[in-house]
Amino acid sequence: MRVKIDGEHCTGHGRCAKYAPNVFILDDDGYNADRGNEIDVPAGEEENAKRGMKSCPERAITLVAE
Amino acid sequence: MNETRADMEADPEVAPEVLKARFGRDIARDFDLDDPMFNDRFDEVLTFMVNKCPISFSKVGTGYHLVNTNEQVRRVAQDWRTFSSAKGYMPNRPEGLPYLMPEESDPPMHTNWRHKLNPHMSPKVIATYEDVIRQDCNVLIDTFIEKGECEFISEFGALLPGWAFFKNVLGVPIDDLAMLVEGVEQGTFALPAEERPSHMARVFTYLDTHLKWRATQPKRGDVIDTILEGVIYDDGTEAPWDHKVSILVDLTFGGIATTTFVMSSAIHYLAMHPEVRQQLIDDPSLIENAVEEFSRVFPPVIALGRTCTRDVEVAGTEMKEGDFVMLTWGAASRDPRAMEEPEKIDIKRETILHSTFGVGPHRCIGSNLARLELTTTIEEWLRRIPEFSLREGTAPVYVTGFLRSMRELQLVWPK
Ligand code: HEM
Ligand code: SF4
Numbered sequence: 001m002r003v004k005i006d007g008e009h010c011t012g013h014g015r016c017a018k019y020a021p022n023v024f025i026l027d028d029d030g031y032n033a034d035r036g037n038e039i040d041v042p043a044g045e046e047e048n049a050k051r052g053m054k055s056c057p058e059r060a061i062t063l064v065a066e
Numbered sequence: 001m002n003e004t005r006a007d008m009e010a011d012p013e014v015a016p017e018v019l020k021a022r023f024g025r026d027i028a029r030d031f032d033l034d035d036p037m038f039n040d041r042f043d044e045v046l047t048f049m050v051n052k053c054p055i056s057f058s059k060v061g062t063g064y065h066l067v068n069t070n071e072q073v074r075r076v077a078q079d080w081r082t083f084s085s086a087k088g089y090m091p092n093r094p095e096g097l098p099y100l101m102p103e104e105s106d107p108p109m110h111t112n113w114r115h116k117l118n119p120h121m122s123p124k125v126i127a128t129y130e131d132v133i134r135q136d137c138n139v140l141i142d143t144f145i146e147k148g149e150c151e152f153i154s155e156f157g158a159l160l161p162g163w164a165f166f167k168n169v170l171g172v173p174i175d176d177l178a179m180l181v182e183g184v185e186q187g188t189f190a191l192p193a194e195e196r197p198s199h200m201a202r203v204f205t206y207l208d209t210h211l212k213w214r215a216t217q218p219k220r221g222d223v224i225d226t227i228l229e230g231v232i233y234d235d236g237t238e239a240p241w242d243h244k245v246s247i248l249v250d251l252t253f254g255g256i257a258t259t260t261f262v263m264s265s266a267i268h269y270l271a272m273h274p275e276v277r278q279q280l281i282d283d284p285s286l287i288e289n290a291v292e293e294f295s296r297v298f299p300p301v302i303a304l305g306r307t308c309t310r311d312v313e314v315a316g317t318e319m320k321e322g323d324f325v326m327l328t329w330g331a332a333s334r335d336p337r338a339m340e341e342p343e344k345i346d347i348k349r350e351t352i353l354h355s356t357f358g359v360g361p362h363r364c365i366g367s368n369l370a371r372l373e374l375t376t377t378i379e380e381w382l383r384r385i386p387e388f389s390l391r392e393g394t395a396p397v398y399v400t401g402f403l404r405s406m407r408e409l410q411l412v413w414p415k
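Listed in order, the protein sequences are those of chains A and B.
Just so we're aligned, residue 1 is where the first sequence starts under the working numbering, counting upward by one.
Just so we're aligned, residue 1 is where the second sequence starts under the working numbering, counting upward by one.
It should be emphasised that the hints constitute simulated quantities derived from the structure, not laboratory data.
C-beta: ideal position from N, C-alpha, C; glycine also.
Careful: at least some of the hints might be erroneous.
[Stated by the list, open to error] Example chain B residues on the side facing chain A (calculated, C-beta under 10 Å, incomplete):
1. T4
2. N70
3. R74
4. M121
5. E288
6. R363
7. I365
8. R371
Next up, chain B with everything else stripped away, as it sits in the complex (with noise of 0.2 Å):
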């Protein structure tokens, strides 16, 4: 194991020749999030960064630093006041994409709103919407249990989230679903990445809409209304309407995209694994930790970036004020020095220490939402559906950024 820049540069493993051959390319000091490489060996890369590689390099656009450790991850994410958020969490931001709030901000502006909404999103709230996400499962199971097969990100992994969220917290149509989710995945992976904002765009107006239309509404006490309560920032001026909206759409963005891959994930390892499942449907009380090490082994959120505020140094790295940081959440989870057998999935595993949900003040607002859903959906499906298994000659399909997603996973079972 790698500690400082120092030991890096001295270890053979890691002279560039050597990962030229390895990874095609040299990861430690020209690693690129987009690398199809990356996507394909993804647990290989994670596991060598978090093992070989404390902080690492990109020579992509700009460039940025990764910051790969566990302790390191901690420290970066929580000063942020030498790490800012205000100029965006994406490496090589395409020109033309708004700020997303609260996650594209500091604080002081940025605890003035989760102040606000954390109420909204705290374990109690959340657990109350136990029963419909429950019912949900079951509504979407049954549109294909008879049929013995169902490809589950569209029959119900990109659905039960943004169900699960539309119909709680936002109070949105779920008609609208499949726009909304097609105009998050675009814009997040659609390449090339100027397209991007244009899809977010989509995304922008129809909530925008949607925020003028709930203004003209009765009260109903709901996120919405508090979004469009607003906030005093601490220099006495009130949010304007464009930080209320993007509220929303950050919202909305980690509302939907995000779970689908964990849950996903831990579906298709279930379908691998029956001992796993045998010991679930078992022991359903294991179902809570088992969710809890998914999330560590299944990252959907691998990496988000900050701005140093000043010259810094990180893990024997100078870093100059302006440079861009990414926090490799992914890598930080699966960190030996700070677990045991990072690489092994354990559902019984007695402590689960993770940064899956990020770390410091922005901690992902929708965890606890979050949570809830893939512990429904997997005491719901194996209640259901105990017995499954991967469609012969198929396998995941897989697409890796700085986020990571499932595109398609087959599943069979006896009818």
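Same shape as in the complex, but just chain A (with noise of 0.2 Å):
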């Protein structure tokens, strides 16, 4: 599986490193580490990541790849 966190519109709110903390990583700012780029998410953790991204206000993660 492999996902996108859009660059402008992740503005901070966590809510996917709370639901999937061994896919996505907040930077200092509290904002998502990989803004602005796709990342893979590890095998297993596809549920979680899936919370991740339905729990994001501002939809700021999409899938790329199942």
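Both chains are given apart, each in its own frame, so use the hints to dock them into the complex.
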């Protein structure tokens, strides 16, 4: 599974990292450290990643590939 | 569910006379945030609005649109170029109210300040305040636990957020808290609204003096020093003094009024639902999720506004350049288009989507602090006072405008 974190729309709600701490990491400002990039979701973390995506109030994380 | 203006106009349930009979006014075309009916029938009105009125209108003052669905609120909040914050977040803004930064500014000026301030409010930094906040919860509980009763707002809910923010973030003496809380409350809810600026002025004067004093003191490396350091705007000018004071006022405003409401509502809910209380006592790891759900259903910031910088269409409604638009966060957080069974309060919800802390670049800078205060409060309250209920014959007292606040909550427990 591969996801993209939108560089402009991530505004640091931190919900993604709450639900999927092994997938989404926050930077020192509390924003998704990978914003602007695509990342691979580690195997076994897909469900957590999806919860993180769905609870992002900005819809900043989108699915690139299942 | 109606998706556009046209759907709404064709829906017999949204006909003007039907609404007047049901709500006492046409809430789709003539809504009023300050109407006592809204205060009394809060959940019912918000649920009706999100389902039936993707967009509604108010004729109060110069009038304003209300955008009510999760998707449209997000779109408008993210599009700061079309929907500007620089003319303020309040509809029919009273004369003489100074603008608050960063809230009432747009990028790039807004971004300059957020870059500077964010590091002080990140989850990592906020987590270091946990012990002090937990201790404060217990200091407050100690003052009334033996009595077997308390009025939650004045004895806990209005105090803890101020203590947490003043001690940890601002370094302002807590002796002055009561005066500031009063100033913020009156500055928000005082009627007639023309009285609000004078209450706000008190808060400005106090914080201006505090900032001036800090400028003469050795540096502490805290948020106040960061504000004093200031920022250089994109045009090369330095942020003027009044912007710095206004940053401090905005932080104080956010820091003390809003969290009290979520906290009091959560405690009220737990007083009424022993079974949920028991779930949290049995498994405290559920508390964080419960806090998220409580934030979703008990929003203190009901709606905040933007000004259209050009003609634009939202959900089938034409808006003109200069029109004022309220983003109804409270409605967007209970949108059945975006979540299942939104009217149900479920602390075990798998994913919780809400807009209580705003959406877009103005996302609440205090959200991490607020969440920590709420989690810690519920943990310590349930540990110390696991069994409690609403005092018989009483009910919480609410006041609602573009913010919602609880004025009184009487609790009792076995001594
Ligand atoms: C449960 C508690 C809270 C809620 C529901 C809440 C809600 C909000 C909302 C909805 C916004 C968005 C404003 C907009 O879009 O125009 C906001 C912004 C803001 N909040 Fe909070 N807030 C809370 C607690 C706090 C705390 C504890 C602080 C300070 C420590 C704070 C400080 C601010 C500031 C400074 C802004 C402006 C941010 C900007 O414009 O960039 N808030 N808040
Ligand atoms: S939840 Fe969304 S907005 Fe928040 S940090 Fe994660 S990606 Fe960014």
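Each hint tested on the structure:
1. T4: It is violated, given that the least Cβ distance between B:T4 and chain A is near 21 Å, above 10 Å.
2. N70: holds, 9 Å
3. R74: Because about 7 Å separates B:R74 from the closest Cβ in chain A, which is inside the 10 Å limit, the hint holds.
4. M121: Given a least distance of 7 Å, the restraint on B:M121 holds.
5. E288: holds, 8 Å
6. R363: holds, 4 Å
7. I365: holds, 9 Å
8. R371: holds, 9 Å
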